[in-house]
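**Student:** Start from chain A and add chain B according to the hints.
Protein sequences appear in the order of chains A and B. For what it's worth, my numbering labels the leading residue of the first sequence as 1, then goes sequentially. For what it's worth, my numbering labels the leading residue of the second sequence as 1, then goes sequentially.
Everything labelled a hint here was simulated from the structure, so no lab data went into it. Mixed in with the good hints there might be a few duds.
[Unchecked claim] Label-pair ranges, simulated between beta-carbon atoms: (1) Phe-135(B) - Thr-104(A): 25 to 33 angstroms; (2) Val-93(A) - Leu-172(B): 18 to 26 angstroms; (3) Gln-115(A) - Ala-156(B): 22 to 30 angstroms; (4) Trp-190(B) - Gln-118(A): 56 to 64 angstroms; (5) Gln-107(A) - Leu-189(B): 44 to 52 angstroms; (6) Leu-130(B) - Leu-55(A): 30 to 38 angstroms; (7) Ala-148(B) - Ala-112(A): 34 to 42 angstroms.
Note that the Cβ used here is the ideal one computed from N, Cα and C, for glycine as well.
One-letter residues, chain by chain:
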Amino acid sequence: MTDHATPGAPAHDDHQAPHALPPAVLLGTGAALIALTVVTVVSSRLDLGPFNIVLALGIASLKAALVAMFFMHLKYEHRFQAVVFVGALVFVVLFVGFVVFDTTQYQPDLRAALQALQAQAAAQ
Amino acid sequence: MSAPTQRAAAAASPFLQVHFRSMREQLDTAKLGLWLFLASELLFFGGLFVAYSVFRANHPDTFLYAHHFLDWRMGALNTSVLIASSLTAAWSVRSAQLGRQAELRLLLLATLVLSSMFLVVKYFEYSHKLHNGVFWGAAYQPSQEMLAALPAALRAAPPPTNLGTFFSIYFLMTGLHGIHVLIGMGLYLWLIRRAGRGDFGPGYYVPVDAVALYWHLVDMIWIFLFPLFYLM
Chain A
1 MTDHATPGAP AHDDHQAPHA LPPAVLLGTG AALIALTVVT VVSSRLDLGP FNIVLALGIA
61 SLKAALVAMF FMHLKYEHRF QAVVFVGALV FVVLFVGFVV FDTTQYQPDL RAALQALQAQ
121 AAAQ
Chain B
1 MSAPTQRAAA AASPFLQVHF RSMREQLDTA KLGLWLFLAS ELLFFGGLFV AYSVFRANHP
61 DTFLYAHHFL DWRMGALNTS VLIASSLTAA WSVRSAQLGR QAELRLLLLA TLVLSSMFLV
121 VKYFEYSHKL HNGVFWGAAY QPSQEMLAAL PAALRAAPPP TNLGTFFSIY FLMTGLHGIH
181 VLIGMGLYLW LIRRAGRGDF GPGYYVPVDA VALYWHLVDM IWIFLFPLFY LM
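In isolation and in its complexed conformation, chain A is listed as follows (with noise of 0.2 angstroms):
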């Protein structure tokens, strides 16, 4: 390879103007993380017993969502940038998840272990 302008590659230009992002799309998302973050507050005055987390959690990924499409002009970057990132994001979700379900498997002999030790406190 000499040359890196290839007929077949002609995004790959110096002289390409890049792409900014039109104001209506800034102020927007802008807008609509704030309207959702309104959202967020006023939902946790709800009882809505454990979907109170997982609603909130469904709205702050909607938030990071639209900052990354948007904010971080991934919807218009090249698709390998996306992959690499919600890759990391797949990982991250994997590990908090199979620890959360393993997690809770110890309980009942921690338990068990705490009772053990306070009678044996109480017998002395």
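**Tutor:** Quick look at chain B alone, frame taken from chain A:
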């Protein structure tokens, strides 16, 4: 573009590194490297989110009690401040790409001001806690004033155990995030200096873009920290 003209175009920009053939190649490489760095940042914070999840799964009562020590209004204010700073950061990339120098300098300055506002609010939150004995781990000794501010229903029952561990996780996660904000402020100072020299334009905006991407990640992490600590 033929090879000689390409070299001539490259010679025109003082910011092209010797190991790149074109500005475009330099931009693409920088972008990929930056996204790999952001992926490593996600995994870095991921470990702390695991600590949060494990502790919360085992001690939900501790979380329900301790979040009353955090002021959601302060958290919501800081969330809005960071969203505004992300907006100015994203807009500063646009200004650099279009070569609008005055607009770029103004937006970089606005991002720096907003990021320092975030830390000022955080300072008030931290100092209020530390003055009232709300420390991490075994050092957790809340003052009477702090306990009196809790809802009556919570004050009636005995407090849950391991509250110190909650605040260890709180200070660790928000503190690490705060260090990232501090680094971001340093980077914006550097960008303001360079933008003042007129370094950036449509042909060269890698630093503005890269710092903005980092800044958006810092915003993104706060988007999760806010509901997880202040609201739940």
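**Student:** The structure should be examined with respect to each hint, and the outcome stated for every one.
**Tutor:** Okay, the hints, checked on the actual structure:
The hinted range of 25 to 33 angstroms is satisfied by Phe-135(B) and Thr-104(A), whose Cβ atoms lie roughly 28 angstroms apart. Judged by the Cβ atoms, the range 18 to 26 angstroms given for Val-93(A) and Leu-172(B) holds: they are separated by roughly 21 angstroms. Taken as a hint, the range 22 to 30 angstroms holds for the pair Gln-115(A) and Ala-156(B), whose Cβ atoms sit roughly 26 angstroms apart. For Trp-190(B) and Gln-118(A), the hinted distance range of 56 to 64 angstroms is satisfied, since their beta carbons lie about 57 angstroms from each other.
A hinted range of 44 to 52 angstroms holds for the C-beta pair Gln-107(A) and Leu-189(B), which are about 49 angstroms apart. Between Leu-130(B) and Leu-55(A) the C-beta distance comes to about 32 angstroms, which sits within the given range of 30 to 38 angstroms. Taken as a hint, the range 34 to 42 angstroms holds for the pair Ala-148(B) and Ala-112(A), whose Cβ atoms sit roughly 37 angstroms apart.
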